[in-house]
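There are 2 protein chains.
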Amino acid sequence: MLKQWESLSEGSTLNLDEFISNLVFNADGLIPAIAQQHDSKEVLMMAWMNEKSLRETLATQQVCYWSRSRQTYWRKGESSGHRQLLKSMRADCDGDALLLLVDQEGPACHTNRRDCFYYDVNEQGVTVVSSEDAGLA
Amino acid sequence: MLKQWESLSEGSTLNLDEFISNLVFNADGLIPAIAQQHDSKEVLMMAWMNEKSLRETLATQQVCYWSRSRQTYWRKGESSGHRQLLKSMRADCDGDALLLLVDQEGPACHTNRRDCFYYDVNEQGVTVVSSEDAGLA
Chain A
1 MLKQWESLSE
11 GSTLNLDEFI
21 SNLVFNADGL
31 IPAIAQQHDS
41 KEVLMMAWMN
51 EKSLRETLAT
61 QQVCYWSRSR
71 QTYWRKGESS
81 GHRQLLKSMR
91 ADCDGDALLL
101 LVDQEGPACH
111 TNRRDCFYYD
121 VNEQGVTVVS
131 SEDAGLA
Chain B
1 MLKQWESLSE
11 GSTLNLDEFI
21 SNLVFNADGL
31 IPAIAQQHDS
41 KEVLMMAWMN
51 EKSLRETLAT
61 QQVCYWSRSR
71 QTYWRKGESS
81 GHRQLLKSMR
91 ADCDGDALLL
101 LVDQEGPACH
111 TNRRDCFYYD
121 VNEQGVTVVS
131 SEDAGLA
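In order, the protein sequence lines correspond to chains A and B.
Under the UniProt record's numbering, residues 1 to 137 are what the first sequence spells out, in order.
Under the UniProt record's numbering, residues 1 to 137 are what the second sequence spells out, in order.
Only true hints are included.
A pair counts as met if it fits within one copy or between any two copies, since identical chains are not told apart.
Heads up, simulated DSBU-like pairs for lysine-lysine below, C-alpha to C-alpha not over 35 Å straight-line:
| no. | residue 1 | residue 2 |
| --- | --- | --- |
| 1 | 3 | 52 |
| 2 | 41 | 3 |
| 3 | 87 | 3 |
| 4 | 52 | 41 |
Worth flagging that the hints you see were computed from the coordinates, not collected in a lab.
From just these sequences and the hints, can you work out the full model?
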């Protein structure tokens, strides 16, 4: 937990290893990571990282997640070419979520949509707000 | 899982109850919810919802999370006054994350910062990027 650091003022610095050891990984060793396009500020997707993928992402500046469905490292774009270049990584106040500011090459979503959040949900029903090839337009 | 709907084109509609029954709630019955300021597109925070808080949020247009630490409903702003008015709710391609477009009253973070993502993480170390009263400026 990061409680001890929450009153630090802007510009204060902390040791990376100590900080990471205070992040909250779940029972599977994972932390959620939100990817946001750094300039347009679109939220592109949410996926998961373990400590090793987090450190690889910082080292390579190419976003690497942990795939829960495939149970392996998921270097975004390795097969699709739709890579995410890390511009900066943020952690939240209680250390249980990451925000990745990225430069997304092509669509972020496996459906070829630009982002994954294409279902609009409201009390009247759910509406699909972009089509499968929207990211290729 | 929402796989069966991913090739639907823009404007297609789905039944809300059927859609919710296909969302992926974790073993604790929770789904992550990202709150984004609807106009500036800042990512404010990430928290969790269960089905009941999701439905309450849609019904009231005031964001209600499930607090994992307090194990109770967390009607954002109920004590602080820093409420989140829901502008729209989105779900992602595989139905395991929500994006809430909100109008945030005051700071979103319990530290009074505008947003919770105030630790910048990189290989050289971690830097605090806003001070505790930044949201009140």
